[in-house]
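Participant: Residue 183 in full-length UniProt numbering sits at position 183 of the sequence shown, with consecutive numbering throughout.
Simulated from the structure, these hints should not be mistaken for laboratory data.
Heads up, a few of these hints could be off.
[As the list claims (entries may be wrong)] Subject to a maximum C-alpha distance of 27 angstroms in a straight line, what follows is the list of computed BS3-like cross-link-like pairs (lysine-lysine):
#1 K276 - K252
#2 K153 - K42
#3 K313 - K386
[As the list claims (entries may be wrong)] Quick list of simulated restraints, FRET-style, between CB atoms:
#4 K190 - T336: 48 to 56 angstroms
#5 Q213 - E110: 28 to 36 angstroms
#6 Q171 - D58: 26 to 34 angstroms
#7 Q213 - Q238: 55 to 63 angstroms
#8 I341 - E92: 47 to 55 angstroms
Where a beta carbon is used, it is the ideal one built from N, C-alpha and C, also for glycine.
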Amino acid sequence: MEILDRLSEYIRCEQLCDPQDRLLLGVSGGKDSMLMAFLLWKLGYQIAIAHCNFQLRDAESDLDEQLVRQFAEERGIPFYHISFETQRYAEEQQLSIQMSARALRYQWFEELRTAHDFAAIAVAHHQQDHIETVFINLARGTGLRGLRGIAPKRDRIIRPILWMSHEEIVQTVAQYHVPYRDDQSNFSNKYTRNKVRLDILPQFRALQPQFDQVMLENIERFTDSYNLLQRLTDTIRQQLFIAAVNRTEIDKNSLLTYVKDIPLLYELFRPYHFEKNILADLANTDLSHIGSRFESDSHVIVVDRTQVFLYDKNLVPLETYELQQDDTKVHIAARTLSLSISIDTSLNLARNVAKVDFANLVFPLTVRSWSQGDRFMPLGMNASKKISDFFIQKKIPLLEKDQIPLLVNGNGEIIWVVGYQLDNRYRIKENTKKVATFVYS
1 MEILDRLSEY
11 IRCEQLCDPQ
21 DRLLLGVSGG
31 KDSMLMAFLL
41 WKLGYQIAIA
51 HCNFQLRDAE
61 SDLDEQLVRQ
71 FAEERGIPFY
81 HISFETQRYA
91 EEQQLSIQMS
101 ARALRYQWFE
111 ELRTAHDFAA
121 IAVAHHQQDH
131 IETVFINLAR
141 GTGLRGLRGI
151 APKRDRIIRP
161 ILWMSHEEIV
171 QTVAQYHVPY
181 RDDQSNFSNK
191 YTRNKVRLDI
201 LPQFRALQPQ
211 FDQVMLENIE
221 RFTDSYNLLQ
231 RLTDTIRQQL
241 FIAAVNRTEI
251 DKNSLLTYVK
261 DIPLLYELFR
271 PYHFEKNILA
281 DLANTDLSHI
291 GSRFESDSHV
301 IVVDRTQVFL
311 YDKNLVPLET
321 YELQQDDTKV
331 HIAARTLSLS
341 ISIDTSLNLA
351 RNVAKVDFAN
361 LVFPLTVRSW
371 SQGDRFMPLG
381 MNASKKISDF
391 FIQKKIPLLE
401 KDQIPLLVNG
411 NGEIIWVVGY
421 QLDNRYRIKE
431 NTKKVATFVY
441 S
């Protein structure tokens with residue numbers, strides 16, 4: 001089968017795009033991406049080319065850009081280009097050069113895709129990249145998910161030549177006289193991928209001449225196993241996880257059936273970014289500790305009496321709560337505000353603790369989010385300040401403002417911007433006899 005026919009068949013079988021789709025191609029100037037651009041152009045796809053100059057190879061980077069630009073202009077292909085200060089970005093973000101270039105490249109590609117209504121972004125990963133990625137992921141400990149290698153399609157990213165071997169690319173480039181430039185950095189083992197390509201994989205190929213084919217078959221098995229695991233996990237998750245307003249609810253008794261199976265528990269909660277050690281802690285509690293909290297970078301698990309609640313940290317609602325004098329605590333979404341009464345007038349400088357003069361409290365107290373026009377008197381000041389101005393002064397992001405509780409007295413005065421600032425009128429004074437201590441945890 002001709003190379004163009006094989007490419008068409010691969011695109012069709014993997015459902016990468018439709019013949020009428022407009023595609024944005026990421027083209028560096030190397031043989032892989034130049035061949036991809038050439039073949040898609042030969043097939044008659046509506047394509048545009050995007051080229052990034054990362055300014056890492058001085059004049060060589062400029063020559064890459066010239067080659068890609070000339071290729072596009074000679075064929076009437078729309079051409080977009082951009083230059084990045086990649087080294088500076090890497091230092092600012094504390095990333096490797098490779099990770100920085102990747103982040104900059106894909107962010108710009110997506111901006112172009114959205115602005116010009118392209119159906120997909122095509123990049124030129126091939127069979128060898130696929131195998132290398134498995135080894136890199138294996139070293140990083142990504143589990144079965146990482147052993148799938150590179151997906152032919154993920155979101156708006158497609159990889160039309162993922163099926164092609166390096167040898168096929170070299171032969172096809174020569175056959176069609178496709179222009180390209182070699183990036184000399186690809187021959188240095190300075191970078192992780194190059195170490196795998198230049199040092200590690202040749203040793204496996206020496207042991208097993210059919211190594212690449214064997215690895216591709218292994219990747220297919222890994223992918224099938226992963227997909228089977230996901231189907232089973234999804235079935236259990238659909239049975240256990242019940243969507244409610246601003247949270248997910250899980251019946252505690254039902255979850256107890258699986259709570260000691262840490263690998264399964266990990267798969268159930270993996271979409272919410274929970275690490276395995278956090279879930280092991282959850283399992284060790286047997287879900288018996290009411291109020292226990294377990295956090296990922298994006299979500300919170302809270303154990304209640306009969307249910308387990310799963311909250312998105314960015315969507316945790318801040319409703320209005322009442323706190324009576326005889327209450328010891330109130331649950332505020334995924335957190336708790338506790339109250340204790342004592343005669344301890346010593347200071348506590350922790351941000352999550354407020355000690356106030358009990359004599360000034362008018363119950364019931366209210367916990368709520370801020371409203372326009374709210375004012376309070378920050379500790380140490382005798383003049384009031386708008387809560388909105390206080391948030392600006394503290395440089396609190398807009399999305400976080402609605403999540404900050406205000407503790408409000410029964411007379412309407414704000415006692416505490418919880419976690420940030422006590423109102424001066426409620427501070428402990430020399431004549432304070434009884435102290436109310438609030439702890440936000």
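Participant: Below or equal to 27 angstroms on CA atoms is what counts here, so check K313 against K386.
Facilitator: Holds: K313 and K386 sit about 26 angstroms apart, inside 27 angstroms.
Participant: May I ask you to test the hint 47 to 55 angstroms on the CB atoms belonging to I341 and E92?
Facilitator: 50 angstroms, holds
Participant: Measure nothing beyond the straight line between the CA atoms of K276 and K252; if it is 27 angstroms or shorter, mark the hint as holding.
Facilitator: 19 angstroms, holds
Participant: Quick one: are Q171 and D58 within 26 to 34 angstroms, going by C-beta?
Facilitator: Between Q171 and D58, where Cβ atoms are some 32 angstroms apart, the hint holds.
Participant: Against the range 55 to 63 angstroms, how does the distance between the Cβ atoms of Q213 and Q238 compare: consistent or not?
Facilitator: 38 angstroms, violated
Participant: May I ask you to test the hint 48 to 56 angstroms on the CB atoms belonging to K190 and T336?
Facilitator: The hinted range 48 to 56 angstroms holds for K190 and T336, with Cβ atoms some 50 angstroms apart.
Participant: Does the Cβ distance between Q213 and E110 fall inside 28 to 36 angstroms?
Facilitator: Between Q213 and E110, where Cβ atoms are some 34 angstroms apart, the hint holds.
Participant: For the pair supplied as a hint, K153 and K42, confirm whether the alpha-carbon distance does not exceed 27 angstroms.
Facilitator: 21 angstroms, holds
Hint 7 from the list above is the single one not met by this structure.
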